[in-house]
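Protein chains: 4
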Amino acid sequence: MSMYTYEHKLRVRYGETDQMGVVYHGNYPLYFEEARSEMMRNLAVPYAELEKIGVIMPVVDMHIRYMKPAHYDEVLTVKVQVVKLPTVRIICRYEVINEQGVLLTEAETTLAFISKETGRPVIVPEAWLSKLRPYFE
Amino acid sequence: MSMYTYEHKLRVRYGETDQMGVVYHGNYPLYFEEARSEMMRNLAVPYAELEKIGVIMPVVDMHIRYMKPAHYDEVLTVKVQVVKLPTVRIICRYEVINEQGVLLTEAETTLAFISKETGRPVIVPEAWLSKLRPYFE
Amino acid sequence: MSMYTYEHKLRVRYGETDQMGVVYHGNYPLYFEEARSEMMRNLAVPYAELEKIGVIMPVVDMHIRYMKPAHYDEVLTVKVQVVKLPTVRIICRYEVINEQGVLLTEAETTLAFISKETGRPVIVPEAWLSKLRPYFE
Amino acid sequence: MSMYTYEHKLRVRYGETDQMGVVYHGNYPLYFEEARSEMMRNLAVPYAELEKIGVIMPVVDMHIRYMKPAHYDEVLTVKVQVVKLPTVRIICRYEVINEQGVLLTEAETTLAFISKETGRPVIVPEAWLSKLRPYFE
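Protein chains in written order, with my numbering: chain A, 1 to 137; chain B, 1 to 137; chain C, 1 to 137; chain D, 1 to 137.
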């Protein structure tokens, strides 16, 4: 199966835990966003650049399965996969893995490409698409 | 279709917005949690009491569909529905609606009932189940 | 001593606690902001209106003293005081008090009035000042 | 002036901005915590280890001066300084500096060393003190 995969590492902050002693479930979207942002930069088009040319990428769908908890100070690996060539939307899959190699969380997000000016969907910018295309041929 | 429904209102904080000028998608889990917490209190068993008797309720699955954005200072109505009588898990559905009656976001969460001591699944406490049962008969 | 005081109540969310089992110290700015926002609305000029006329109010200084912890599900009272008539800045003092009347946290914030267009300081809008003046005469 | 200084770099997440288009003022405590946590690890006693031996370190005082805003995707340098040899409390100073070398934010925090079991203040663990002592002689 063709796809583009990127791995990002991050360390859990104290303020991201809750009184169960684990990472609060509502903080994972921040981890996915950070990993996705690094994936985009690695593909040579930082998301910040995209906003500058008038394209925003709101999340329109997010599905998270929490299997095992993550803890304060652990280094987590977040794997991001672009599962098919994006058009007006991009679907990413995520796996969060701890230092022992245990899969903690799986997720899938859909983001839309939207014109800041018109609020309407736009096609993924060619600059980005041209980098992704080789992975899907 | 039998179900228990609860409506909770909350106001968007400035710090919950992001630079798109709308509520950051990763903050909705906090809204769902607040509404679910009030739903449980309204059913007469606050979640805080549950933790005191050694039962925790981690979120094991969360699916959110973002349709329209919410904005700073808006009063949002979060409708929570318990869609079937819980056993070792409880499934809730959510609708986030703004002051104009527009449906902004839909979600579904699954939470497990877990013994704090053993880490094993437990049946939903009878004190809570007895309150829910009439809605599903 | 002349001053304007406003009291706001809010309930602690689960996601606002950390693994010490208390409210994470970094979440209090959200509580102060919520109370300050309600104070402004109560004075008849919601902050959202202010932004619409091109005035933003960044926080330029914040000092918090944490004396006792707050816990999940507690209802906290946040008292906000405007200690003197604002000019290009407004100084607010805060007290966070729990349901047993215990003072948990004290704070002071300074916010500037800034023109969104020029980025320069501006005088507090007269619409707001006229509401505050009677408390300081 | 004797002191121990540590520099930590981090990148601003999208979810840490607010609708002013800059980092929300209430998110800086997370940055200070992350930098302080790395400073402690670098000194060879990770905070997580300290909690394991029954010592917690609540923040008892925090003072932040916001001079210039930070933006999404910027890499920030957080300098942490331990300004004197800690006893039952530790005072840290922070500077947040952007990629252009501009000082954005200054802060000072005081954390207490507290026994998890008794809730009482304790002396900073010797394992940590012995690492700090050379910087203050």
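Honestly, the hints are just simulated from the structure, not real lab data.
Values in this document were obtained by computation on a predicted structure and should not be read as measured data.
Be aware that a few hints might be false.
For chains that are exact copies, the list does not tell them apart, and a pair is met inside one copy or across any two.
Claimed, not checked - As a list, the in silico BS3-like pairs of lysine-lysine whose alpha-carbon atoms are at most 27 Å apart:
(1) K84 <-> K9
(2) K116 <-> K68
(3) K116 <-> K9
(4) K68 <-> K52
(5) K131 <-> K84
(6) K52 <-> K116
(7) K52 <-> K131
(8) K68 <-> K131
(9) K79 <-> K131
(10) K116 <-> K84
(11) K9 <-> K79
Next on the checklist: Flag every earlier hint the structure violates by its number, smallest first.
Outcome noted: 3 and 8
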